[in-house]
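**Q** The lines below spell out each chain.
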Amino acid sequence: MYTFSNKLKTFSIILMVLGVLGVGYGFMTSHKSLDEVKTMLAEEASHHGGGHGEEATHEVAGAHDTHGAHAETSHGEDAHHGDAHAEHVQHQIANRPWSALYVGAFFFMMIGLGVLAFYAIQIASQAGWSPVLFRVMEAITAYVLPGAIIVLLIAIASGTIGHYNLFIWMNPEIVAEDALIQGKSGWLNLPMFAVRGIVFIAGWSLYRHFARKFSIAQDSAEDKSNFKKSFRIAAAFLVFFIYSESMMSWDWVMSVDPHWFSTLFGWYVFASMFVSGITAIALITIYLKSRGYLEFVNENHLHDVAKFMFAISIFWTYLWFSQFMLIWYSNIPEEVTYFITRINDYNLPFFGMVALNFIFPVLLLMNADFKRVPWFVVMTGLVILFGHYIDVFNMIMPATVGDRWFIGVPEIGAILLFGGLFIFVVFTALTKAPLLAKNYPLTKESEEFHY
Amino acid sequence: MEASKVIHAIYNDDDVLMSAVKKVKAAKYHIEEVYTPFPVHGLDKAMGLAPTRIAIAAFLYGLVGLTVAITMMNFIMIEDWPQNIGGKPSFSFIENMPAFVPIMFELTVFFAAHLMVITFYLRSRMWPFKNAENPDPRTTDDHFLMEIPVDGNEEALQSLLSETGAVEINLIDKAH
Chain W
1 MYTFSNKLKT FSIILMVLGV LGVGYGFMTS HKSLDEVKTM LAEEASHHGG GHGEEATHEV
61 AGAHDTHGAH AETSHGEDAH HGDAHAEHVQ HQIANRPWSA LYVGAFFFMM IGLGVLAFYA
121 IQIASQAGWS PVLFRVMEAI TAYVLPGAII VLLIAIASGT IGHYNLFIWM NPEIVAEDAL
181 IQGKSGWLNL PMFAVRGIVF IAGWSLYRHF ARKFSIAQDS AEDKSNFKKS FRIAAAFLVF
241 FIYSESMMSW DWVMSVDPHW FSTLFGWYVF ASMFVSGITA IALITIYLKS RGYLEFVNEN
301 HLHDVAKFMF AISIFWTYLW FSQFMLIWYS NIPEEVTYFI TRINDYNLPF FGMVALNFIF
361 PVLLLMNADF KRVPWFVVMT GLVILFGHYI DVFNMIMPAT VGDRWFIGVP EIGAILLFGG
421 LFIFVVFTAL TKAPLLAKNY PLTKESEEFH Y
Chain C
1001 MEASKVIHAI YNDDDVLMSA VKKVKAAKYH IEEVYTPFPV HGLDKAMGLA PTRIAIAAFL
1061 YGLVGLTVAI TMMNFIMIED WPQNIGGKPS FSFIENMPAF VPIMFELTVF FAAHLMVITF
1121 YLRSRMWPFK NAENPDPRTT DDHFLMEIPV DGNEEALQSL LSETGAVEIN LIDKAH
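Those protein sequence lines, which keep their order, are chains W and C. In terms of the working numbering, the first sequence opens at residue 1 and continues consecutively. In terms of the working numbering, the second sequence opens at residue 1001 and continues consecutively.
For the record, the hints were derived by calculation from the structure and aren't laboratory data. It is possible that part of the hints are untrue.
As the list claims (entries may be wrong) - List of simulated lysine-lysine pairs, DSSO-like, C-alpha gap at most 27 Å:
(1) K1005(C) x K444(W)
(2) K307(W) x K1174(C)
(3) K229(W) x K432(W)
(4) K432(W) x K213(W)
Claimed, not checked - To give an idea of the chain W side of the interface with chain C (calculated C-beta under 8 Å), a few residues:
(5) F315
(6) F321
(7) F324
(8) W328
(9) I332
Claimed, not checked - The following residues of chain C were derived to be distant from chain W, with all beta-carbon distances above 10 Å:
(10) E1032
(11) F1091
(12) N1153
(13) A1156
Fair warning: this is a prediction, and the values are worked out from it, not measured in the lab. We put the beta carbon where it would ideally sit given N, CA and C, even for glycine.
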């Protein structure tokens, strides 16, 4: 049995407290009046333009007497345009803490859900290497229920108590003027969004509940009936999962850009969650083993998990590139704006994540010997997790805050908050059952697994 | 120095062969060669063979393929004749790179795979009209054969091998 060390518990609570402070600070500082935004924009303009030669010549021209009247009229126009612009920027600034919170919540929910899919695949394929890791996987999936409820609540709250800070299709004023969103309102409307979200969460949690129940029942069972039941529900869940995950990605991620659509988006989000989940399994396994709790896990198991990290990182890149290249190549205006905003305003995160999620793991995890070295896998794993946080960031932020993005207090606060909650939930779940799934028919094979 | 006389110990079970290899190694005899009809898992480790470096070779070949693809397309599409083909930006390699990636990928795989296979053939001396080096045709079917050079220790070696469960022990004079 695992005991949740007080040190780690305190650490997770500190993370949550710091996170709440950070998120609170984000919400406190995001309410700006229109005048404040205007002053801010004027300051920014003077800062930006200060060094330009153009600006200097304008000032020289302004010295002429005849310029007076001309300047006044153009100022009037500027002010008019400035109002709309400032309102837009004001909205973006107000969106930032919501988006930061949503990105953090989604990222950790995604880890839990990715592990749930991985776990179901291991059971349905009757893998012989992984049963020694089942309890670690089951503990990580304990985060699916709270994590997914939090994501759904933030999404709904942004449209009810917030000012449509994440999903503009929730705003009736915008829908009234937007024929494209009107056309999609059969799918994109708040009650249906909530109902679908509840159905997804219910499906995932029911599978998680029964898989865990049968797994623990098998520990003390005389026969293999629980194993058979868990096999059947895993197969059924995987069918449900691939539909629900796909629709979840349209609802919870793609609909922040309601004018844009992509057919392989569901797979893309899946690849991201799958590799993050596998990486989390590797990190938590290495942590528990270093504390002496998993003496039946050897470097061969680590090697296999690291192979999955390597392979699914490449799979993610394949989907990322397929989506990007098809849209870049045909360059249809209605599709390509998605990438134009990302390349113009998010250049470093957008291309940086390809380096983090592809080049780094490919070069570091290609060597078979390196995959067996714990600190090497930990290092690569942290890079992969950071890369996939940036991936979610890149999916949500451009639609909500545009070029007003920064990874500052609200973003880091949300990571700390949900990271702390994740650690707390997962390690609490680890204490609830023995760390080795006894009597599972493939446990013996897994214990003696060597590659 | 190649011994002129060798002993061929024949086994008919891979588990017996594995334990025989371990015993012969423990008695500090040099095993010249082992012939098996199929890969015996762990035999290379028991014999103490050095690990293969073919994966490292393949990685380097892949880098060669990637370089070939990049150099070729940069020269053809960007430097030699930068035409406007359907509005694709042919001003610099990086601007048009997504269109080149499928070729870069395929040539990397092509070079890595084919050069690795050719390396394998060269290093293991396999080619179409090669004379088979099989000492006993039964080793392609269901027998395993261990070849040990004899350096005047014939008696001791023969008794050791018969203890390991060899079904047949033959002294072969290679010098004819």
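**Q** Does each hint fit the structure? Answer for all of them.
**A** Verification of the supplied hints:
1. K1005(C) x K444(W): Distance ~47 Å between K1005(C) and K444(W) Cα, so the pair is violated.
2. K307(W) x K1174(C): 47 Å, violated
3. K229(W) x K432(W): 21 Å, holds
4. K432(W) x K213(W): 12 Å, holds
5. F315: For F315(W), the interface hint is violated, since the closest Cβ of chain C sits about 14 Å away, which is over 8 Å.
6. F321: F321(W) check passes; min Cβ-Cβ to chain C is 7 Å, inside 8 Å.
7. F324: Since chain C brings a Cβ to about 7 Å from F324(W), closer than 8 Å, the hint holds.
8. W328: 5 Å, holds
9. I332: It is violated, given that the least Cβ distance between I332(W) and chain C is near 12 Å, above 8 Å.
10. E1032: 29 Å, holds
11. F1091: 15 Å, holds
12. N1153: At roughly 36 Å from the nearest Cβ of chain W, N1153(C) sits farther out than 10 Å, so the non-interface label holds.
13. A1156: Given a closest Cβ separation of 35 Å, the condition holds.
The structure fails to meet hints 1, 2, 5, 9 from the earlier list, while all remaining hints are met.
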